[in-house]
Amino acid sequence: MYTRCVTACLMGVVGLMLFIGPACSKKEIQATSGSKSSEQAMAKGGGQAASARPEPGISEQDLLKSRADNPSGEIKVAKVQPSDATGRLAEDMRREQAATAAAGLKDVYFAYDSWNITEQARQALSADAEWIKANPTILLKIEGHCDERGTQAYNLVLGEKRAKAVRNYLAELGVGSSRLAVVSYGKERPFCQEHDESCYQQNRRGHIVVRPK
Amino acid sequence: MRVAVFIAYLALCAALVGIMESGAADVFLEATRPDFQKIPIGVLGFQGKTAVDSSAGQVADVLKADLRRSQIFSVADLPKLGIKVNDVDGGEKALFKQATENGISVLVWGKLGVKDADVVLDGFVYDGGEDEVVAGKRYVGPSSVVRLMVHRLADEIVFRYTGEPGIARTKIAYVSEQAGARELYVMDYDGHGPRQVTADGFLNLMPRWSPDRRFLVFTVYRSRLTQDIDLIELATGKRMTLVSLGGLNITPAFSPDGNDLVFATSQDGNSELYKLDTRTKVLQRLTNNSAGDLSPSWSPTGREMAFTSDRGGGPQIYLMGADGSNVRRLTFEGDYNAAPAWSPRGTWIAHVCRTQKREYKLCLISPDGQQNRQITTGPGVDDSPSWSPDGRHLVFSSTLEGKSHIYMINWDGTELERLTSGGIHHSSPSWSPL
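Chains A and B, in that order, give the protein sequences.
Count the first sequence with the working numbering and you get residues 1 to 213, in order.
Count the second sequence with the working numbering and you get residues 1 to 434, in order.
The following block holds chain A by itself, in its conformation from the complex (with noise of 0.2 Å):
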């Protein structure tokens, strides 16, 4: 600590004296021609998007270069490429939306920072069982989802205790639990975007989703 404040006065001083220096001769100050010519390629390498195409993956070696290949110290960011995940995905989504819809499931509503299965929730997953049971061959998932309060990690955390409180539900219903996967949305995709308990409490949900063949 004691020498990086005396490294910090130093350069006080070093600056004091490069300011006494240039007294003596007549102005004209420039930085100096070597570090003139970084300061032009750090300007240009700032400004040039890498455009290569992403590769696969990151290799070891990858991992092990230093820095010493950047050296203009710039953050550089490529040019996104969608990703082939892209339509995948939203495919994947509407068959889901699809089929949930068709089974007519209910979902069930938590109270603030809480993942108890309340009395309205039972009587829904009883309804829910008695459809599961007489659909054996389905496999679904329960989400887990939080309302807007709170960090989006811990809602993380929250959605995945009330996914599984759901889960664990109805194993006790009789549905056996390897049909059931669970996952958390946290509050990264809640149902309704309004600030108020209205909203918050259709967002506290256990959503069930029947997974599409």
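Derived by calculation from the structure, the hints in this document are not laboratory data.
One thing to keep in mind: the hints can contain errors.
Pairwise CB distance ranges, derived in the manner of DEER restraints [stated by the list, open to error]: (1) A:E96 x B:D412: 46 to 52 Å; (2) B:L283 x A:S177: 22 to 28 Å; (3) B:D412 x A:L139: 51 to 57 Å; (4) B:D268 x A:Y112: 52 to 58 Å; (5) B:D61 x A:A101: 49 to 55 Å.
The structure displayed is predicted, hence computed values, not measured ones.
By construction, the Cβ of each residue, glycine as well, lies at the ideal position given by its N, Cα and C atoms.
Got chain A; can you put chain B on it based on the hints?
For chain B alone, coordinates are given in the frame of chain A:
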């Protein structure tokens, strides 16, 4: 005049020594101490050649904003003081005399020119030595990097008067909603020049920088069922999956040396913290209990980390050694404390705290738990605090204006500034290292 400057330097040194002796954990200018005198600075403007005339005023504004954000300078309103800003041309001595009479101790100006296809920016700093320009820098580049050249000049000026690197060329990674999907973006530290980093079409969350700034590490919903932790190289767009365990795989954070990645996974049933050695691929479990553990944030030394755990009921901040040893609870005030971010100086852990009014705001707590302060107030949910590498600012997301936007704030809660505009949703900011 020279004597005055020398005294200013002595005062700077004395301030540094004073901070040292007060037992602060690291040396830096506490720009927000009540007795800290900001350096009054004036920006005279940038004379432009025809082709770049339109950007001349903008350049001065960028520089003024950088200097103001540095928290080292108070930027004077020269026209208000009757000082002409657009015509230096050898008249700096007279202008400086006029400026010092108004209490200004440093003047900055520049020239914008064109050389071939490039823009040339000459920046000058003058703090009163006879009739000498004390520092000059020339930057050359295509017109697309003029802002970067100005940021570089600002960083030079900050370094000149503090001995510390400026942050004007740092960047902020964040998540933005685009066509119904949440994708990663990177923007300049002042919110300019957003660049899209992913186009996966579904849900990407919580980016964090690698210490060398080459990579972002983040959670990607690979399908409608599974989450992985991916690495993306910004300069090339190359990807690699680092973690693909069952359940949640969230809140990755690189150790300061870049060798280890700590993250939360629920492969064991509930969210636990694991450490992945990225060289040997050895995975080590750090927490072991029936509650949720998540959101690790390394101390700047890499010896400890702060994290969120609800092992005591609601979420609270805990500390532990980098190997999972010596776990102890840090926060006791309120029933909800989460999303810790250990400051680069080591002196504070920023986090989201739920106030008595049930609002989610930003708080700071010292690692010994002795000092605790709330730094944001008002409506909206504040989330994901992330420190600037100089430890003077935080960036965070908030719904204080309705939609979720990214904001910057001084560490003491002053000078709130919104960085994102338009759009539907912006969240999860992470400030790049230097």
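Results of checking the hints against the structure:
1. A:E96 x B:D412: 46 to 52 Å: holds (48 Å)
2. B:L283 x A:S177: 22 to 28 Å: holds (26 Å)
3. B:D412 x A:L139: 51 to 57 Å: Holds: the Cβ-Cβ distance is about 53 Å, inside 51 to 57 Å.
4. B:D268 x A:Y112: 52 to 58 Å: Check failed, 27 Å falls outside 52 to 58 Å.
5. B:D61 x A:A101: 49 to 55 Å: holds (53 Å)
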